[in-house]
Structure formats: structure tokens, C-alpha cells
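**Q** Sequence:
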Amino acid sequence: MTFKKRLAMILAIALVAGGLYGAGRLGLAVLPEEEQTPEEESLFRHRETLYLWYADEGLTDYLNGAAVSYSEYQDEVRVVPVYTQGLEYLETINQASLQGEEIPDLYIVSNDSLEKAYLAGLASEVKLPEGVTPMEELLPGTAVRAVTYHDKQIGYPFYYETSCLLYNRTYLEEWAKAQITAERDQALAEDAQEQADSGDVEEVIQEAQEEEEVSGEEIEAKLEEAIPETIDEILSFADVYDAPEQVEAVFKWDVSDIFYNYFIVGNYIDVGGVNGDNADSIGIYNENAIKALRVYQNLNQFFSIDTKEISYDGVLQDFLDGKIVYTVATTDALSKLEKAREEGGFSYEYGVTRVPDVSGELASASLSVTQCVGVNGYSEKKDMANDFAVYLTQYNTQELYARTGKLPVYCDGETYDDPNAAAFLEEYTRSVPMPKMIETSNFWVQLEIAFARIWEGADANDELRALSEQIMGQVLGEAYTEEYIDVPIPVEETEEEGEDGETGETEGQEAE
Numbered sequence: 001m002t003f004k005k006r007l008a009m010i011l012a013i014a015l016v017a018g019g020l021y022g023a024g025r026l027g028l029a030v031l032p033e034e035e036q037t038p039e040e041e042s043l044f045r046h047r048e049t050l051y052l053w054y055a056d057e058g059l060t061d062y063l064n065g066a067a068v069s070y071s072e073y074q075d076e077v078r079v080v081p082v083y084t085q086g087l088e089y090l091e092t093i094n095q096a097s098l099q100g101e102e103i104p105d106l107y108i109v110s111n112d113s114l115e116k117a118y119l120a121g122l123a124s125e126v127k128l129p130e131g132v133t134p135m136e137e138l139l140p141g142t143a144v145r146a147v148t149y150h151d152k153q154i155g156y157p158f159y160y161e162t163s164c165l166l167y168n169r170t171y172l173e174e175w176a177k178a179q180i181t182a183e184r185d186q187a188l189a190e191d192a193q194e195q196a197d198s199g200d201v202e203e204v205i206q207e208a209q210e211e212e213e214v215s216g217e218e219i220e221a222k223l224e225e226a227i228p229e230t231i232d233e234i235l236s237f238a239d240v241y242d243a244p245e246q247v248e249a250v251f252k253w254d255v256s257d258i259f260y261n262y263f264i265v266g267n268y269i270d271v272g273g274v275n276g277d278n279a280d281s282i283g284i285y286n287e288n289a290i291k292a293l294r295v296y297q298n299l300n301q302f303f304s305i306d307t308k309e310i311s312y313d314g315v316l317q318d319f320l321d322g323k324i325v326y327t328v329a330t331t332d333a334l335s336k337l338e339k340a341r342e343e344g345g346f347s348y349e350y351g352v353t354r355v356p357d358v359s360g361e362l363a364s365a366s367l368s369v370t371q372c373v374g375v376n377g378y379s380e381k382k383d384m385a386n387d388f389a390v391y392l393t394q395y396n397t398q399e400l401y402a403r404t405g406k407l408p409v410y411c412d413g414e415t416y417d418d419p420n421a422a423a424f425l426e427e428y429t430r431s432v433p434m435p436k437m438i439e440t441s442n443f444w445v446q447l448e449i450a451f452a453r454i455w456e457g458a459d460a461n462d463e464l465r466a467l468s469e470q471i472m473g474q475v476l477g478e479a480y481t482e483e484y485i486d487v488p489i490p491v492e493e494t495e496e497e498g499e500d501g502e503t504g505e506t507e508g509q510e511a512e
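Note that our numbering has the sequence shown beginning at 1, numbered continuously upward.
To be clear, the hints were calculated from the coordinates, so they are not data collected in a lab.
Be a bit skeptical, because a hint or two may be false.
[What the hints assert, rightly or not] FRET-style restraints, in silico, Cβ to Cβ:
hint	residue 1	residue 2	range
1	D486	T60	20 to 26 Å
2	E218	T133	40 to 46 Å
3	I449	E72	48 to 54 Å
[As the list claims (entries may be wrong)] Once the Cα atoms are required to be at most 25 Å apart in a straight line, the calculated SDA-like pairs of lysine to any residue come out as:
hint	residue 1	residue 2
4	K152	Y395
5	K308	I449
6	K152	K222
7	K336	Y410
8	K177	E88
9	K336	I449
10	K152	T60
11	K177	E220
12	K336	S359
13	K382	E88
14	K381	K177
15	K382	L90
16	K339	T49
17	K222	V250
18	K152	K177
19	K339	A249
20	K323	V250
21	K308	A466
22	K308	D242
23	K381	K222
24	K382	K177
25	K339	K127
26	K382	E361
27	K323	D242
We treat Cβ as the ideally placed atom computed from N, Cα and C, and that holds for glycine.
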């Protein structure tokens, strides 16, 4: 029996084991029936009921509203959203599916849990209602890949999380204006010298008096130079930026969380192939990934950040307080920034752009998680469930961001008229979906540990090699050894180390 089949069997046993918890123990939140009028109660008796489970309490009002609007569109179906607390979300759904009377017909789950759900019988292949545009023609490829498992679409993409570069636009506009003014002064000084040499001093004075104000168009054009396309450009900007007194760091991000670090290696690590479901497609240890991690390690020389003290919430608060120029943030930052502005806790303008490439030679790629709507394989109302899933994920989704702060995968409303929201969507379309494979479910924790060690000075080559051997061993079910890749450190880096009294030997040489 293969390692994968053994895991699947263990999963199935674990999911089936145990009794069904009652609603009181689960902490379920449903629409109270005692509040229904006799007319409503009579109407509901003649309707088919769909139960939609979800685990994010922030969706409650939105889903209740969607359920009501759907009942107006489809008066033969009643949708009951059920908020389910607890860490073992899928296991709880499975228990209710096998032993409960009110089986969850649909549920919202992250795409990385889809293989687990499918193997347990909880996710069925989606069946688009007649006349509905296929996903491939309607949604970003990232979203389609996120819900594809062994060539089957087993979920409907709903909303997503990914990371972008967030910057203080107010600071960059001030920098741009100062740069333009300095350039004008320089040009005027050179012109003055020429005029002085020719003896025409009055003309120089006249030009100085007629100097125009810096226009908004000029500032916008100059500001584009400060929006970095590579990490090298952030470093170059930091070297010349005359920061205001309150700025504590030009670039600061949560180096302790893999979600904000993954873009460094995302373009060069393969876990599960294009759809994240192929155990035969694992590529972790390679030359470009090693080089990218070395760039990451060198950033600690410029932006000293303690992995044990840093947190995403703390970094975002520093950004709100005007202490940071650039940071890496997720989609939740948009609603938090706007809320802080409304409450008077944020007085700056800001912008969002794609995460920078690692260097001119090494590209970046963010990680993304897609929350999707799954149709329960145990449901006896799959056609109705599919119909509501399409309604929930493709109709009136502009309200999702307005009411929950979550960015929808599909939106034909005003959400992406906001350039900052549009920047997140653009990043999402080029991101790497979180893989689905059970065998590699601990990969992210182990990669996060490797990043932390590399940040603190550990050998990038050795750390990546060890990680690859561990994951490959899990997938194959037996010990695995990677052939060592010799990636010499560039000469300029070894010279810099030598100046600090270090040997400058090539990193990654194997111990004898």
C-alpha cells in the first residue's frame, strides 16, 4: 500500500470515528425559529432547506443577507447559514453528514483542505447549472487551479487572501516633490553659473523669481520611481531617503510568518504541480531557490528584525502610526486602514502594488489561499446546493468586500474600481495557490522554521536541502537524499564578509 493510500485510510478512519456533537456543544448559530411568524413557518414547511456551514464569524451578516436574497430569487428553497466553532471543522462536518438529520449541504472551506474533504466524501465535483459560464472563462486561472483536484473542479472559488506591497503614499509624494525641487535648484544653480560666467546676472534672478510650483502630474511621475519593482530598488531608496523623524524603518514586514515571506521563493518551489495535487511533482531544492534565500538572509543586514518579537498586527499598527514606508500586507489591511481613517487613527494616504521581485534576475510569486464553497457529497440536494453555490460566489459579490472586508474572486461591481483592491486582484492572478496534498500539509510550518533559521544566519543551502529531504521522505514513505547543489556565493559578498573579519568561504560546503 502506498504512503498516500495509507494516509487516506487513516484520514477516513479518523473522520468517521466519534459521535455527532449536538448543536449546543458545537456552538452553532442558526436563524432562531421562535422569531418566525406563523405564515413564515407554514411557508418554510413547503420549502426545501439547504444548510450552509461556515467557520468565520465575520461572514454571519453577509451570509444571512445572501440567504434572504436567494429566497426571493428562488422561492422554493430556504438557505440556513450555520456558524460552526471549533478547530476540527471538516471532522465536525463529516460527523454531521454521517449521523445528523440536518446534513450540511454546502460549506465554506480553504482550498488547501479540498483533498482531505474529497477523500472523506465531503466534496463532490461541481455541477454548474445550465447556462452558467464555465469557471475557466469567468475566473482567474489561480482560482480555477485552487479548486481543481485530479482534473475535477470540487469547489466554487469565493474569496481569497494573498500578499502585496503596501506603501505610505504621503511620504512618497513628499519625497517626489522634494526631489523635483532639488533637481530644479540644481539645474538653476548650473544655469546661474553659466550666466554668471557670461555676466548676465539679471536674467538668472528673473528665472528664479518665475519658477513654477511643482504640479501634481510631475509628482505622480516622480513617485513612480519610488514604487519598487525589486528588493534592490527598496535598498537603493533607503540609501538616499531623508526620512521624517517619526519613520523608524523604510521596509519592515513580519519575517516570522511564511505567508509574508513566501514571495521570496514562490517562483522557484513546486509543491504538487500546477494544481497542488500531484505528489509526483515536488521541487524544493534548486539553485534559484537557494539564491533567493541568500538575498533574504542578506536583508537582515539592512532591516534588523527580530523574528521572536515581530508580528503582523504590530507591523500594520506601525504602518498606521507612520513609522514604516513599505511593508508586506494581506487583503485584510484595506478594511483595517479605512476603518482606522474613519476613526481618526490614520492620517496618511497609502497605495498597494505587487510584491517586488527578489532581484533583477530572480522573480517573486506570492502565496494565496482561496476560500471556496464545497458541495457535500453526502447531501441529497446537490443540484440545489450547486445552484445556491453559484449564486453566492458570482452574484452581488461587490457587497462582500463592503460588508466583510474580504475580496471576492469574481466581482462585476465597484469593488475593483479601487486601484488598491485591483492591485490585490492582480497579485492574486499571478500567485501560487496553497497546495491540497495531505502528505505535504506540514510543509508550511517546516518552511517557516527554515526561513527563521536562515534569517538568523543558518546556511540557506543546507536548510533548503534538509527541508526537501524531509518532505520527499514523507511523500515517498522512505528516506530520501538530495544530491548536493554547489552554488558559490558571489565574489562581492565574500569580500564584504572578509572586511568584517570572516573567512569568506563558500557557503554550503558539506561537512567532512
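**Q** All hints, please: hold or fail.
**A** Here's how the hints hold up against the structure:
{"no.": "1", "hint": "D486 <-> T60: 20 to 26 Å", "result": "55 Å, violated"}
{"no.": "2", "hint": "E218 <-> T133: 40 to 46 Å", "result": "44 Å, holds"}
{"no.": "3", "hint": "I449 <-> E72: 48 to 54 Å", "result": "51 Å, holds"}
{"no.": "4", "hint": "K152 <-> Y395", "result": "23 Å, holds"}
{"no.": "5", "hint": "K308 <-> I449", "result": "12 Å, holds"}
{"no.": "6", "hint": "K152 <-> K222", "result": "48 Å, violated"}
{"no.": "7", "hint": "K336 <-> Y410", "result": "22 Å, holds"}
{"no.": "8", "hint": "K177 <-> E88", "result": "54 Å, violated"}
{"no.": "9", "hint": "K336 <-> I449", "result": "28 Å, violated"}
{"no.": "10", "hint": "K152 <-> T60", "result": "30 Å, violated"}
{"no.": "11", "hint": "K177 <-> E220", "result": "9 Å, holds"}
{"no.": "12", "hint": "K336 <-> S359", "result": "30 Å, violated"}
{"no.": "13", "hint": "K382 <-> E88", "result": "24 Å, holds"}
{"no.": "14", "hint": "K381 <-> K177", "result": "62 Å, violated"}
{"no.": "15", "hint": "K382 <-> L90", "result": "18 Å, holds"}
{"no.": "16", "hint": "K339 <-> T49", "result": "37 Å, violated"}
{"no.": "17", "hint": "K222 <-> V250", "result": "18 Å, holds"}
{"no.": "18", "hint": "K152 <-> K177", "result": "54 Å, violated"}
{"no.": "19", "hint": "K339 <-> A249", "result": "24 Å, holds"}
{"no.": "20", "hint": "K323 <-> V250", "result": "8 Å, holds"}
{"no.": "21", "hint": "K308 <-> A466", "result": "23 Å, holds"}
{"no.": "22", "hint": "K308 <-> D242", "result": "29 Å, violated"}
{"no.": "23", "hint": "K381 <-> K222", "result": "58 Å, violated"}
{"no.": "24", "hint": "K382 <-> K177", "result": "60 Å, violated"}
{"no.": "25", "hint": "K339 <-> K127", "result": "39 Å, violated"}
{"no.": "26", "hint": "K382 <-> E361", "result": "49 Å, violated"}
{"no.": "27", "hint": "K323 <-> D242", "result": "14 Å, holds"}
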